[in-house]
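Hints are included, so try docking the two chains, each in its own frame, into the full complex.
As you go down the protein sequences, you meet chains A and B in turn.
Counting in this note's numbering, the first sequence runs from 1 upward without gaps.
Counting in this note's numbering, the second sequence runs from 1001 upward without gaps.
It is worth saying that the hints were derived from the structure and are not from the lab.
Owing to the predicted nature of the structure, the values given are computational and were not obtained by experimental measurement.
Hints may be right or wrong, so weigh each one.
[Stated by the list, open to error] Heads up, simulated DSS-like pairs for lysine-lysine below, C-alpha to C-alpha not over 30 Å straight-line:
hint : chain 1 : residue 1 : chain 2 : residue 2
1    : A       : K65       : A       : K156
2    : B       : K1132     : A       : K231
3    : B       : K1008     : A       : K113
4    : A       : K156      : A       : K201
5    : B       : K1008     : A       : K201
6    : A       : K231      : A       : K113
7    : B       : K1179     : B       : K1095
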Amino acid sequence: MALEATATPRATRHQAGVNRGDRAWNGLLLGLGLAVLVLAAVIIYILLHASQPLWTSTSPWQFLKSTDWDPVSGAFGALPFVYGTLVTSMLALLLAVPVGLGLSVFLTELAPKQLRPVVAFGVELLAGIPSVVYGLWGLFTLAPLLREHVEPFLQKVFGPIPVVGALFQGAPLGLGYLSAGVILAIMILPTICAVTTEVVKTVPLPLREASLALGATRWEMVRWSVLPYSKAGILGAVLLGLGRALGETMAVTMVIGNNPEIHASLFAPGYSLPSVIANEFAEATDASHTAALAALALVLFAITFLMNAAARGLVRRSKHTAGAHG
Amino acid sequence: MNGYAGRKAVNLIMMVLCGLAAVAALLPLGSVLWLVVSHGVAGLSFTFFTALPTPVGEPGGGVGNAVVGTLQIVALACVIGLPLGVGAGVFLAEKGDSALGSAVRFTAEVLSGVPSIVVGIVAYGLVVVPMKRFSAIAGAVALAILMIPTLARGTEELVRLVPRSIREAALGLGVPEWKTSLRVVLRTALGGVATAALLAIARATGETAPLLFTALNNQYWNLRPDQPTASLTVQIFNYAISPYDDWHQKAWSAALVLLLIVGGLNLTARALTRSRLKGAR
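So that you can see chain B by itself, here it is in the shape it has in the complex (with noise of 0.2 Å):
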């Protein structure tokens, strides 16, 4: 294969395997959008968003409290998640150039890649032994836990990303340090910050493993934070794993759902970027 023609030979089917690499790659996502809308429209209706679910043979119902329990405890995870997982990443981009800023960071890295299922035992030993019950609070720090480490380098390189000019004129001005972190800084790169915590608060409503035995699961409305709580990604697991066709059905629109949350989370931050850096223009 010395020949040029033999090299052109040689590049053209490299460069067509690459193509066919790209294909490859988007046809499980293809699949996978198709499968979930074509299977899951038919399920959904008014009742699908608004019942509970009902028992194996009873038609109808829904998977209200699933939607509302993921809901809840996803909002509880950013309570607990979003001012540790921002504040540490503000501390790696104003304090991060020190032996301790390396530290954390690597730490943050390392634990970004914690798998879920691993969170979840720790939050079950963290929450779920003391109270001696599962609980939404469970599942939520579970959650919380996933999202800081993500959260923190997201937010550090935004942070970074402010111009020096803007905090020098702060500080020339004679603003004190922290209202210049806090006010000027962090106000610049509040878009930017929040893209980042869209997409780990996406990512957190998507998680499965570590709901398993943490919040658990419940067929019942439930609001209080302590007590077994529904998920839409255990409900759509418990009902895949169901040998009922109904059932089935079900995971299939309720994933439609998820979906469709998760989707918008992550279009918003998208939106939310590119116009942010068209201002930037």
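Just chain A, same shape as in the assembly (with noise of 0.2 Å):
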């Protein structure tokens, strides 16, 4: 017995010791992976939460299909916010996805070797700019350069136009749906570029050097080679770009005018779910109105989380199938 005691508890000591490091290790990174999940889990308890007192008055979809906002009345309507969301959000991909894509083209198939590093920098440094400076050059230099020259250009160009001129009627103010769409496009254009380029480079070697040896041009190579085999991740990249245009908040809340209503024109000025929460959360004293912003967050979370699954998914996708080729 006396023999046992001094014997063995060098070796199990030891082996103790490095099971009850290894035990806490592994404990401690579980325990730090479950807090992601946890937190998923604490977004979503309180956005539930905190929406709540207005589900008791209102039905979600009454909700969503109201234009009514008038806080002071207790009527709360979020279709001019979803509405002016989309609006800027679909202008924002309709001018930032052919830059977008024609950037990464310009950058993996086009640019001089020296030349690319420093226009991905400068990719890079565009998504580095902080929104709220957007908002302060999109206020003071990109919508009195709408009002004086671009919109009424449009309106002389488009405006006669049936069905489209709607788009382009009214006072050319500088602060609607147009500012907030191009500036947006700004914003999302790096996340996209960033996420083309990336897949385009996947497009396997021999894959290029086979369409130029059949005789295509340059583009035609862009156009039936890469472009179709990185689809899914184009697609993926575009997706992301409207998950980050959806959310975006002071660039817009600053340019596209503040006004709860809905209008055909682009020069309107709306208004967008993540612009009210920014201007009206702090200033809510009314519990209900308090609500009803969370309601509107509930929402937009909910777009953004749809979006962004899909597009982690068509990227990965597409990645896969590049790695069963490459």
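Below is the structure:
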């Protein structure tokens, strides 16, 4: 017995110490991993909890389809904000997707080797500028430019055309859906460009070579070999950009005009989901007002969640297929 | 357009358009940078960094409290966010090849796309409501929540870059797993993780939306974390949407200060990456 007591400890103590250390380490890591899941649960819980008071008086469907937003009389309708968010985001995609694609083709296929890092660095800088600085720029530079030059021009060209002309009616204010859309386009361009470039780079070299060997021009190679191959990834990049555009707050708040109405004209001042929260949440004293704003946040969360989940899936899938070939 | 000449023409047009896309992308960047510097530089002075904001009409004054407030909120956010974000990243790299790992990775990716204004509301419900007041802590919690998912994914990728042979050498010498992870793998990845952390800090420093109703604002000096606290970004927003020319001027100058801080952090991160790459070669 005595022999055992003196002989075993060294080995087992060491062994136990190792196990204890490893067990603690594994437990710690597990806890940190679970913390991310807990964080997601907390976010969803808080949003549901904070918007709870609204659902006692209004049904979600009623809330979404009503266009009345009058906190003083207790009328809460989300439609003008949903509309403004969607219109500005679509506008942003319309402008940013072609430019983003062109930019990544330029970066991957066209630019001289020395120029590539310079342009890429510029695009990175574009992503690093804080939203509020874009807002400041939009308010004092972009909006006057649109008001004095771009909007009158668009009105003159497209105004008389039926149907399309409805988008370009009214006084050119400079603050409205159009300005917000343009600023959003600039802000999501780096996202679209970065992800697209990453995906396009995974196109196998033999595929490009084969197409050039068959006599394709550089553009034909891009159009018929590179783009079809990276279709899923590019769609993912677009969805990621859309996700960012939907949730972007400060820059939009500063240039969209902050008017809770729905207008067909792109020149008209509107409102978006994030900007009404930014403007009203700190001042919302009424419980139902706070709940309505939290409900808007819940809507925004749901939309961006779906967008991002879909985008990540697409980008990952496109990389997987690329990996299988390369 | 089937002829050779036609196809070459289409090629030329498309390539020119792609070049123009690059120009179109860099034009706003040039415009923003030029205007912030040219408008902002006039208002910079020593007192701009040290003085409190003045009421409308009173000349002078600065954003000293906002600079300090931003540093304070971001520092607090780091205390909360860095360990959790980096830790979750180490979890993903070390134990991530499991069902739980995939779930955490997917959650982190989706969370990194949650709009910052939504995170602001969460921090409001989490901190402001129970404390019954706006505070630097609430702002820091919001920024930390924004940091965690991106930091986790960034850390994971950097830790995974550490060669297996290094880990195997340590384990082969009988070093326990936890010590290998902490002292060997994580130390090797440290430069990269620091880069990811700097980028996350830079992003947090530029955030405005989640601070609007968590840290709120403050016209005076404040070092207490449980009080409303000024920040550069909120100050820029308030100045910009005011109707006063003097405040617009201050918004530009404050924006220049903000850009210098954020740009400095980004450039430091870049320099770190470059020196690390050089060291590896």
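Hint by hint, here is what the structure shows:
| no. | hint | verdict |
| --- | --- | --- |
| 1 | A:K65 to A:K156 | 34 Å, violated |
| 2 | B:K1132 to A:K231 | 50 Å, violated |
| 3 | B:K1008 to A:K113 | 23 Å, holds |
| 4 | A:K156 to A:K201 | 42 Å, violated |
| 5 | B:K1008 to A:K201 | 24 Å, holds |
| 6 | A:K231 to A:K113 | 26 Å, holds |
| 7 | B:K1179 to B:K1095 | 15 Å, holds |
The structure fails to meet hints 1, 2 and 4 from the earlier list, while all remaining hints are met.
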